[in-house]
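Colleague: Required output: the full structure, derived from the provided sequences and hints.
Next come the chains, spelled out residue by residue.
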Amino acid sequence: MMGGVAGESAIEVRDLRKTYGSLEAVRGISFSVARGEVFGLLGPNGAGKTTTVEILEGYRTASTGTVSVLGFDPAQRQRALRERVGIVLQQTGIYRNIRVREALIHFGGFYPKPRDPDEVIALVGLQEKADATAGTLSGGQLRRLDLALALIGDPELIFLDEPTTGFDPAARRAAWDVVRSLRDLGKTILLTTHYLDEAQELADRVAIIKGGTIVAEGAPRELGVGHASRVRVSYRDALGEQVEQVTDDPTSLLYQLAGDALDRGERLEDLEVSRPTLEEVYLELTADVQEPEVADV
Amino acid sequence: MSDTLALTFRQYRLERRLFWRNPSAAFFNLGLPLLFLIAFGVIFHGNEKELHVIVPGIAGMSVMSGTFVALGHNMVALREQGVLKRMRGTPLPSGAYLGGLALNAVANTVIQILFVLIAGRLLFGIDSIKDVPELVVFLVLGVACFSALGVAFAHVIPNSESAPAYINAVFLPVILVSGVFYDSADAPSFIKDIAQILPLTHLIDGLTGALVKGTTLGDNAGHLAVVAVWTVFGTFFAIRGFTWESRRS
Ligand SMILES: Nc1ncnc2c1ncn2[C@@H]1O[C@H](COP(=O)(O)OP(=O)(O)OP(=O)(O)O)[C@@H](O)[C@H]1O
Ligand SMILES: [Mg+2]
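Protein chains in written order, with this note's numbering: chain A, 1 to 297; chain B, 1 to 249.
One or more of the hints may lead you astray.
[To be verified] Which bits of chain A does chain B cover? Going by a derived footprint, with three or more residues having C-beta under 8 angstroms, they are:
| id | segment |
| --- | --- |
| 1 | 21-32 |
| 2 | 86-92 |
| 3 | 109-120 |
| 4 | 188-197 |
[As the list claims (entries may be wrong)] With beta-carbon atoms standing in for the labels, derived distance ranges:
| id | chain 1 | residue 1 | chain 2 | residue 2 | range |
| --- | --- | --- | --- | --- | --- |
| 5 | B | Ile239 | A | Gly36 | 38 to 44 angstroms |
| 6 | B | Trp20 | A | Gln78 | 31 to 37 angstroms |
| 7 | A | Thr213 | B | Gly31 | 57 to 63 angstroms |
| 8 | B | Ile239 | A | Gly21 | 35 to 41 angstroms |
| 9 | B | Trp20 | A | Ser181 | 49 to 55 angstroms |
Since the hints were derived computationally from the structure, they do not count as laboratory data.
We treat Cβ as the ideally placed atom computed from N, Cα and C, and that holds for glycine.
Modeller: Below, the structure written as structure tokens:
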């Protein structure tokens, strides 16, 4: 059996480049995703996320570099690979007058060991719409159908390109639970998202892409440490003014602030000590993203 | 292989179900040739010579509208809606998917042809089919030819808004010059010359042979050859130009 070696990574990307005419959308990125890992790709619009994911899905071909998915070259488009992979595309469509359950039964027939359609319908919360036609579903419900169709074949690797765009907050939480349950089942997931809380909640590791290159990679918590290893301390002083200080050494700063306050017989109101969130790291790292893009044109 | 055939049939059954789920579309899709036939039957009532032209002519037109026109529209819409792209991400073999779509178009064509033959017999006294094997050979090749040309032509059409314009720009002139509505032998010579290179003319000549004239397949081998050449041409471009996604402009 090809690509079935345990312990080998599920996805391997090396020096991947992709050019569209004169535009270099992906400029030499490398990363790997271990089996059972949830990997997040973050980055501003046009960063090259979809391009990368669709190369891994076999929709587009790399200009240079190598990619390997479950040990296969996805460009060969082998059926044995597609049987083991589930895909939620960023943009896709479905027959308007197909019914939800009918679609899941039909698509299940493409795979060797499909999941139970009703179970998958329940998983994405479409029970009430099981007999509705796709044309009558709301945007968020259609997106849940996309997720259901990606899961019907019981794939071991799942690509999710902005899977929760258009979800209401409750649906997003529910989708997160689905992703977590898939991870608990040992599935590998490659996810792109613009929601940093989503990446923080779900991803074991994230890579931030901008202008076609990876600018940061690591566990969401570590990213905060590694790329902005500062801690923010904020409080309100005796005059009621909000004070904010950023430090590399929060222990001694707090010791000093607290000592001074006690000496003066004051309190540090609303004292807060916070690590930079993934969002702050993200904004910092992608802040100058406009420049290289303009230079490209 | 047998798996691919089974999946093709499964896809075909889905396409059929979805087709019938939209009854008004199904009615117009299937009923159009019948309406044409009845309209011309009324005009040419009692004029046997004209009716002998119209029945095979409408049968040929049904082949083109059921495959070329229907598949042209369908492929453009499915491509634009992203259905083709979604299908491509599944293990369903491309051949099984496209085969299912084409079989659905063929089924509609068969229904239309049956309507035309039954109406021709009941209303206009085209009593019996002269040569059944010849009829089947021409219909099978005609359906293959116009299916391939429909898929090939869909590549040229940029988006579904413009699809009706593109398709009618081909379909209407072709049915006009190919002798659907009159005996092509009566046409002015420059039209005859154009008609001679088009596949529909030769399909209709073959169908006329099988339905009214009683000429044999051997007599019509030349017509068969022209349709076959167009089939090869259409298949080549259908495969070569195939795109699963809309091009970005
Ligand atoms: N088929 C294509 N032809 C030409 N250019 C393309 C094509 N696909 C993508 N691009 C360009 O490549 C760049 C990267 O696009 P991509 O879709 O990968 O971005 P993305 O990170 O997924 O963005 P978003 O967050 O908006 O989905 C963009 O500048 C885009 O315009
Ligand atoms: Mg994208």
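Colleague: All the hints need checking, so say for each whether the structure fits it.
Modeller: To see whether the hints hold, each was checked on the structure:
Check result for the segment 21-32 of chain A against chain B: violated, 0 residues qualifying (beta carbon to beta carbon below 8 angstroms, three or more required). For the segment 86-92 of chain A, the stated coverage by chain B is satisfied: 4 residues place a CB nearer than 8 angstroms to a CB of that chain, which reaches the threshold of 3. For the segment 109-120 of chain A, the proposed coverage by chain B is satisfied: 3 residues have a C-beta within less than 8 angstroms of a C-beta in that chain, meeting the threshold of three. With 0 residues bearing a CB less than 8 angstroms from a CB of chain B, the segment 188-197 of chain A misses the requirement of three and the coverage assertion fails.
In this structure the supplied range 38 to 44 angstroms holds for Ile239 (chain B) paired with Gly36 (chain A), their Cβ-Cβ distance being about 40 angstroms. As the Cβ distance of Trp20 (chain B) to Gln78 (chain A) is approximately 35 angstroms, the hint placing it in 31 to 37 angstroms holds. Checked against the hint of 57 to 63 angstroms, the pair Thr213 (chain A) and Gly31 (chain B) passes, with Cβ atoms roughly 59 angstroms apart. A hinted range of 35 to 41 angstroms for the beta carbons of Ile239 (chain B) and Gly21 (chain A) is inconsistent with their spacing of about 25 angstroms.
A hinted range of 49 to 55 angstroms for the beta carbons of Trp20 (chain B) and Ser181 (chain A) is inconsistent with their spacing of about 38 angstroms.
Comparing the model with each earlier hint shows violations of hints 1, 4, 8, 9; every other hint is respected.
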